[in-house]
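Asks: Residue numbers (the working numbering), protein chains in the order written: chain S, 60 to 337; chain F, 114 to 405.
Hints listed in this document are in silico derivations from the structure and should not be mistaken for laboratory results. Computed from a predicted structure; not experimentally measured. For every residue, glycine included, the Cβ atom is placed at its ideal position computed from N, Cα and C. Incorrect hints may have been included.
[As the list claims (entries may be wrong)] Between beta-carbon pairs, the in silico distance windows are:
id: 1; chain 1: F; residue 1: Phe238; chain 2: S; residue 2: Phe329; range: 22 to 32 angstroms
id: 2; chain 1: F; residue 1: Ser294; chain 2: S; residue 2: Asn202; range: 22 to 32 angstroms
id: 3; chain 1: S; residue 1: Gln176; chain 2: F; residue 2: Val155; range: 39 to 49 angstroms
id: 4; chain 1: S; residue 1: Asp225; chain 2: F; residue 2: Ser294; range: 31 to 41 angstroms
id: 5; chain 1: F; residue 1: Leu290; chain 2: S; residue 2: Asn180; range: 54 to 64 angstroms
id: 6; chain 1: F; residue 1: Leu290; chain 2: S; residue 2: Asn202; range: 45 to 55 angstroms
[Claimed, not checked] Here are the simulated lysine to aspartate or glutamate pairs, EDC-like style, with alpha carbons at most 20 angstroms apart:
id: 7; chain 1: S; residue 1: Lys178; chain 2: F; residue 2: Asp296
id: 8; chain 1: S; residue 1: Lys163; chain 2: F; residue 2: Glu310
id: 9; chain 1: S; residue 1: Lys327; chain 2: S; residue 2: Asp316
id: 10; chain 1: S; residue 1: Lys327; chain 2: S; residue 2: Asp90
id: 11; chain 1: S; residue 1: Lys163; chain 2: F; residue 2: Asp296
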Amino acid sequence: MAVEAARGGALSIRHAGKVYDPDGANVVAIDDVSFDTRPGEFCVVVGPSGCGKTTLLNTIAGFDELTVGEIFLDDELLTTPGKRLMPGADRMVVFQNGALFPWKTVLWNVTCGPIQQGKMNRGEAQVQARELLSRVGLRGIENQYPGELSGGMKRRVEIVRALMNDPKVLLLDEPFRALDALTKSVVQEYLLELYDASPKTVFFITHDVEEAVFLADKIVIMTTRPGRVLKIVDVDIDRPRDYHVLTSGHFLKLENDVRAAIHGEARKAFEAGERELA
Amino acid sequence: MAQLIVPTPAIVTIEPGAKVPLILRARRLVRSSRPYLMLLGVSGFFLAWYLLVDNLKLWRFRELPGFIASIREWVNPDPLYGVSLFTAEYYSHIWASVYRVVCAFVLATILGVAVGILMGWRRIFYGLTFPILELLRPIPILAWIPLAILLLPGRELPIIGLTFLAAFFVTILNTLLGVKSIDQVYFRAARSLGFSELAILRHVILPGALPYVFVGLQIAMGACWFSLVASEIVSGQAGLGYKVWETYYYVQFETMVIIMATLGFLGYLSSALVRFVGNRLMRWRSRILAGV
Numbered sequence: 060m061a062v063e064a065a066r067g068g069a070l071s072i073r074h075a076g077k078v079y080d081p082d083g084a085n086v087v088a089i090d091d092v093s094f095d096t097r098p099g100e101f102c103v104v105v106g107p108s109g110c111g112k113t114t115l116l117n118t119i120a121g122f123d124e125l126t127v128g129e130i131f132l133d134d135e136l137l138t139t140p141g142k143r144l145m146p147g148a149d150r151m152v153v154f155q156n157g158a159l160f161p162w163k164t165v166l167w168n169v170t171c172g173p174i175q176q177g178k179m180n181r182g183e184a185q186v187q188a189r190e191l192l193s194r195v196g197l198r199g200i201e202n203q204y205p206g207e208l209s210g211g212m213k214r215r216v217e218i219v220r221a222l223m224n225d226p227k228v229l230l231l232d233e234p235f236r237a238l239d240a241l242t243k244s245v246v247q248e249y250l251l252e253l254y255d256a257s258p259k260t261v262f263f264i265t266h267d268v269e270e271a272v273f274l275a276d277k278i279v280i281m282t283t284r285p286g287r288v289l290k291i292v293d294v295d296i297d298r299p300r301d302y303h304v305l306t307s308g309h310f311l312k313l314e315n316d317v318r319a320a321i322h323g324e325a326r327k328a329f330e331a332g333e334r335e336l337a
Numbered sequence: 114m115a116q117l118i119v120p121t122p123a124i125v126t127i128e129p130g131a132k133v134p135l136i137l138r139a140r141r142l143v144r145s146s147r148p149y150l151m152l153l154g155v156s157g158f159f160l161a162w163y164l165l166v167d168n169l170k171l172w173r174f175r176e177l178p179g180f181i182a183s184i185r186e187w188v189n190p191d192p193l194y195g196v197s198l199f200t201a202e203y204y205s206h207i208w209a210s211v212y213r214v215v216c217a218f219v220l221a222t223i224l225g226v227a228v229g230i231l232m233g234w235r236r237i238f239y240g241l242t243f244p245i246l247e248l249l250r251p252i253p254i255l256a257w258i259p260l261a262i263l264l265l266p267g268r269e270l271p272i273i274g275l276t277f278l279a280a281f282f283v284t285i286l287n288t289l290l291g292v293k294s295i296d297q298v299y300f301r302a303a304r305s306l307g308f309s310e311l312a313i314l315r316h317v318i319l320p321g322a323l324p325y326v327f328v329g330l331q332i333a334m335g336a337c338w339f340s341l342v343a344s345e346i347v348s349g350q351a352g353l354g355y356k357v358w359e360t361y362y363y364v365q366f367e368t369m370v371i372i373m374a375t376l377g378f379l380g381y382l383s384s385a386l387v388r389f390v391g392n393r394l395m396r397w398r399s400r401i402l403a404g405v
């Protein structure tokens, strides 16, 4: 971990706020969010739907800018009002609904990042791509198109595509949301395996509490809109982890703590939703 | 870490992309009802023609060329009116028309796709061109004929120009639609991956718009033939459209029907060709469609 720390990847979110202004009605997506991640830390953000998790991720990725506060990656200012660092390979995103280019083969998708950035030539990229793909159990699918793969396979390919760029921070926006429970647990284990092999800072969004505890070093629980930090929970379960920890007493206790904290917020979010619909 | 058995779904006995053997395909076709229905429909049409014109000689049908006579004229080595499968004149008209359509279509594809992509890619260009496009597009191609004759020299260029114009508008609009249809997430992904603007154009916009582009090209091909015949009638000295009108004028109705059938056949062939090229270029798509 100490070696990795030298590579950087410390996210620092300071008093971050984002107000959307559609038709003059101010919608506060996030409000005064502050927390830090250590380099190489697996940070999971949980919260009810509409709490601004994705907004936060978008500002880190460079798709959007804050209206209050600032976010740093190591010493680099990512965003502050009126300013943002454009998206780049130091902050790779794995999107909620997937963004593999359907018109390109798996191998092209996975190798395009380093090739486009001029970091590797085609041969080098392909060697590394095959290596990473086979590590997540995807040997022999290089020449298929994404549309021919199952959901779980696509998610793994997309994670590999992101890691090929050796990002400082990996941003995942509810990546396993659409997977069935069994596939999900398999893909989670693959993600952990890749993470353990080379720990990078991970910023992972979910509203699945079990998933959060299973993956995270640190869980940031957010409130319902406007999104604020409700509580930060450190997960002190040893790595490497596999599905056996899911039934350990300590795991269940942590899961219970997080669930208790989030339940009230989920309820509020639900009732607010009901009011909006009424 | 515990070894889990990884499910590897979607690998069926016949891989989606693999070619189905010809024999198997032929057998499948023979067993389905499609070829028989097709045969029935086509022969029903010809039978109706034969009955109405040749046999019953009903009112208003009496003057039309008979089915038997038309076929006979078509395969006659020494045709009554000088045009059959065995005469050079037949092919010279076909060549004149095909040449014009190919020129116009290729030009419309290149320029139409280029303009459509530019419009979808750069807001400035869109703002500049869209209003004028929307004003020009609804003008029927027939209304352009005088202007084309005034503007373009000779007799050949106005025809090609008009044929081009019809295809051009359709291609632009569909290409633009294609670019707009691309999910924003692919642009975000490409930017994160460090694509240059040119790389985005080449690897995201072009292939992403392709499905719509080819729908547009299919329609454009139809529009080409339509405006070709219209402008050949007005300004041509050769070509199938010209010949249709000439044979009507000289009361050579059998030949008129032959030319009409030829137009139908060429139209079908050309749009099949566009479809074929489209499927080749979008294998990612046809494989998925075949896999479902």
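Asks: Regarding the pair Lys163/S and Asp296/F, is the alpha-carbon distance no greater than 20 angstroms?
Replies: Status holds; Cα separation ~15 angstroms.
Asks: What's the verdict on Lys327/S and Asp316/S, does the C-alpha distance respect the 20 angstroms limit or exceed it?
Replies: Holds, because 18 angstroms separates the two Cα atoms, which is no more than 20 angstroms.
Asks: Within 54 to 64 angstroms or not, the Cβ separation of Leu290/F and Asn180/S?
Replies: 37 angstroms, violated
Asks: Lying within 45 to 55 angstroms: is that true of the beta-carbon distance Leu290/F to Asn202/S?
Replies: 30 angstroms, violated
Asks: Decide if the proposed pair is consistent with the structure: Lys327/S and Asp90/S, CA atoms, cutoff 20 angstroms inclusive.
Replies: Given that 20 angstroms is the threshold and the Cα spacing comes to 17 angstroms, the pair holds.
Asks: Taking 22 to 32 angstroms as the hint, is the beta-carbon distance of Ser294/F and Asn202/S inside that range?
Replies: 26 angstroms, holds
Asks: Starting from the hint 39 to 49 angstroms, judge whether the C-beta atoms of Gln176/S and Val155/F obey it.
Replies: Violated, since Gln176/S and Val155/F (Cβ atoms, about 58 angstroms apart) do not stay within the stated range.
Asks: Taking the beta carbons of Asp225/S and Ser294/F, is their distance inside 31 to 41 angstroms?
Replies: Distance hint for Asp225/S, Ser294/F holds at roughly 33 angstroms.
Asks: Between Lys178/S and Asp296/F, is the straight-line Cα distance small enough, at 20 angstroms or below?
Replies: Given pair Lys178/S, Asp296/F is violated - Cα atoms ~27 angstroms apart, limit 20 angstroms.
Asks: Quick one: are Phe238/F and Phe329/S within 22 to 32 angstroms, going by C-beta?
Replies: For Phe329/S against Phe238/F, whose Cβ atoms are near 46 angstroms apart, the range 22 to 32 angstroms is violated.
Asks: Is the straight-line distance between the alpha-carbon of Lys163/S and that of Glu310/F 20 angstroms or less?
Replies: 18 angstroms, holds
Comparing the model with each earlier hint shows violations of hints 1, 3, 5, 6, 7; every other hint is respected.
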